[in-house]
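Protein sequences appear in the order of chains U and P.
In terms of the working numbering, the first sequence opens at residue 1 and continues consecutively.
In terms of the working numbering, the second sequence opens at residue 1 and continues consecutively.
Since the hints were derived computationally from the structure, they do not count as laboratory data.
Source: prediction; values computed, not measured.
Some clues are possibly wrong.
Unchecked claim - For the chain U half of the interface with chain P, some residues (derived, Cβ under 7 Å), not all of them:
(1) N169
(2) I192
(3) G193
(4) S279
(5) P283
(6) I297
From the three backbone atoms N, C-alpha and C, an ideal C-beta is built for every residue, glycine too.
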Amino acid sequence: MTVSLRRDAPPAGSDAGRGRGPAPRSRSGRLLQRIRKGGLPYLFLLPALLLELLVHFVPMIFGILISFKQLTLFFIRNWTGAPWAGLGNYRLVVDVHGAIGSALLHSFVVTCAFTVLAVGLSWLFGTVAAILTQDSFRGRGALRTIFLTPFALPVYASVIIWAFMFQYNNGLVNELLHNVLGITSRPSFWLIGHNSFFALVIISIWRNWPFAFLCVMAGLQGIPRDLYEASAIDGAGIWQQIRRITMPSLRAVNQVLVLVLFLWTFNDFTTPFVLFGASAPSPADVVSIHIYNASFINWNFGEGSAMSVLMLIFLLLVTAVYLLGTSRRRNNA
Amino acid sequence: MRIIRVSAVAAAAAAVLALAACGGGTATGGSGGGNTKSTTLTYWASNQGATLQTDYSVLNPQLAKFKQQTGITVKVQVIGWADLLNRILAATTSGQGPDVVNIGNTWSASLQATGAFLPFNGSNFAQVGGESKFLTSAVGSTGAAGQPPAAVPIYSLAYALYYNKAMFAAAGIASPPATWSDLVADGKKLTHGGNYGLAVEGASIPENIHNVFILSKQMGGSFFDSAGNPTFTTPQNVAAVQQWVNFMATDHIVNPGDAQYDQNQSLSDFAKGKAGMLLWQAAGTALKADGMAAGAYGVAPVPVESGTPSSSNPDSMVAGINMAVFKDSKNQAAALKFVNFMTSQSESVKLNGEYGSIPPITSALTASPAANQEQTVLRNVLSTSAVAMPQVPKESQFETVVGTAVKNLFADAASGKPVSAATVKAQLSSAQQQMQG
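So that you can see chain U by itself, here it is in the shape it has in the complex (with noise of 0.2 Å):
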């Protein structure tokens, strides 16, 4: 008796609520139990997620409406008034036999090449540099730290610096192909016309590359040294070794990798701006300038936006199959 009573007995010190009635084990009062047990940290947790919600989905589904509204410079001082736009703005940029819609699509052509290109050269020489750099040897250390400056350095200054080399009349690549080496014939011009497009990739290569070397450097610090040996002993060569050890066990790091530069490259808004002003020569228009040009400069945030969209739903569908399909292939592995 004395012992079923105690169990009845509110523990000391515990809400009087909780030991009240027969406890009806009904669904509402089992979810209110559970908050009760383990809800106080998420309800501290409230504040954050709404504030992230503000800074970030606000913003988003803004960006959203607005690409249904005629938004011109006639309305961004009161731009809930603008006029609603329904589909008009992407039947704009996606007619491709319309200048707006074709130039939106060269520039997406632009940007895709310019993309492929730079992520798999900065993957190709970030990865060689980290395999080459895995023995100790003398001033490993100090290479290693200078392979990582263009990524420490700040974006801005080093892409003026850059800038100033693609010069025609005094740059040091001019000077250096042409009259140095006299590789070219007459200089050449890098900041108009075609070359602009590998202007753009050389120095997007130059910056990403040392984040490339850094995350397989680090990939390649789990790999147990005694598969090597094992693998020597079995008579494998340094080419066997890298395909059937090394880059299977960089699968996971390559996977988010080549991600983050895909996404970082394809959406690199400073690099070309810096270099060619907010009017870039149609061979390296990318969409991240174009997209700024048909906000900014021709005032019509509603196509911007539209455009916008489009891109976000692009990399979405991009970023989903990206890793449905690395992920299979991993599992089955």
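Given the structure of chain U, go ahead and fit chain P onto it with the hints provided.
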């Protein structure tokens, strides 16, 4: 239950705190208006001097004088040209901006269309001295025709032809060219041994657009019809663009390297004697900074196709800076007082003298005679033969799309591609289609 209540209160308190922090941020970041003790105005000045610091040292003594006269404090912030328009747009969108702002006068109609600025209608205009106080050509670039001006002129400029006296003498050219065919002929005489006849800013959107606009005007062309719709592909506009790019493409009097200039490199090429001629607005101060003595160059009106320059055969756009009052300003009366002060005779003489620009104030013009040949030419051009850029809402868009088209054509010309009437027309047509958006 108590736990839930406590945490709910905590959450609410946190949210309120966060909101209060936000609110505080916006208030201090805002116009700094509503001070009850004494009125404080915020003024965004454009960068007129060699550096932002120069502007502060020119403006601050004048602002102190204004405070002495009226008791109104003016907080000035000098903003570089690269940021100014975006800052104004942001201020327009948010309603949180300065009280008074300087704008490039070609933006007037575009910004007028946003409704951001206080219109200078009868009574507002009267408070800053009325229309008769200002130079007529300068008032022509303050907003769309038939509407009260969105701004008033404060500094004016015009284009002139700068030529290197020594290079002209060495080539046996007696006087500066008065027509474009003379300019090409003289340019060819000057072009040899790495030196060129003319320096242009081939990748600069504003420079391209201003020059092409004037060439088109001289041929009787126009980039907009009377209803404000773009007419970029008319034969005159095509011919004007082609003539401008052909200085490099077929006349070869412009260094192909100029195609990528957009940081005033053409100024320094002219100052160093690498080019014999330059078309620029009040280049004197900049040339001095680049080490060219005032006696080394002559100044003449920009050439025309034929005949003599006049308002119907213009040789320059009306360049300059306007001053506007934000409609959202809480101190409009004080702001108008400040505009009146900055455009008063004595201030106009003083400020324009410091910056090497021309006072757009009639009385200031008579009170300060032209100091040198450059000033004489520029003043004459501004009062007799300069026309305003199109005063339409889409002006800034027009500058961007056509300026970019010309930049692309210069890039073609520099790499040796032919620039035919058909290529020019195609570029202009694509530019015009982008205006529809």
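Structure-based check of each hint:
1. Proximity of N169/U to chain P holds as hinted, the smallest CB-CB distance being about 5 Å (cut-off 7 Å).
2. Annotation: interface hint on I192/U holds; nearest CB of chain P at approximately 4 Å, less than 7 Å.
3. Among the interface hints, the one on G193/U holds; its C-beta lies about 5 Å from the nearest C-beta in chain P, closer than the 7 Å criterion.
4. Taken as an interface hint, S279/U checks out: its beta carbon lies about 4 Å from the nearest beta carbon of chain P, inside 7 Å.
5. Evaluation of the P283/U hint against chain P yields a violated restraint, the C-beta minimum of about 9 Å exceeding 7 Å.
6. The restraint placing I297/U at the interface with chain P holds, with a minimum CB-CB distance near 5 Å, inside the 7 Å limit.
Violation of the numbered hints given earlier is confined to hint 5; every other hint is satisfied by the structure.
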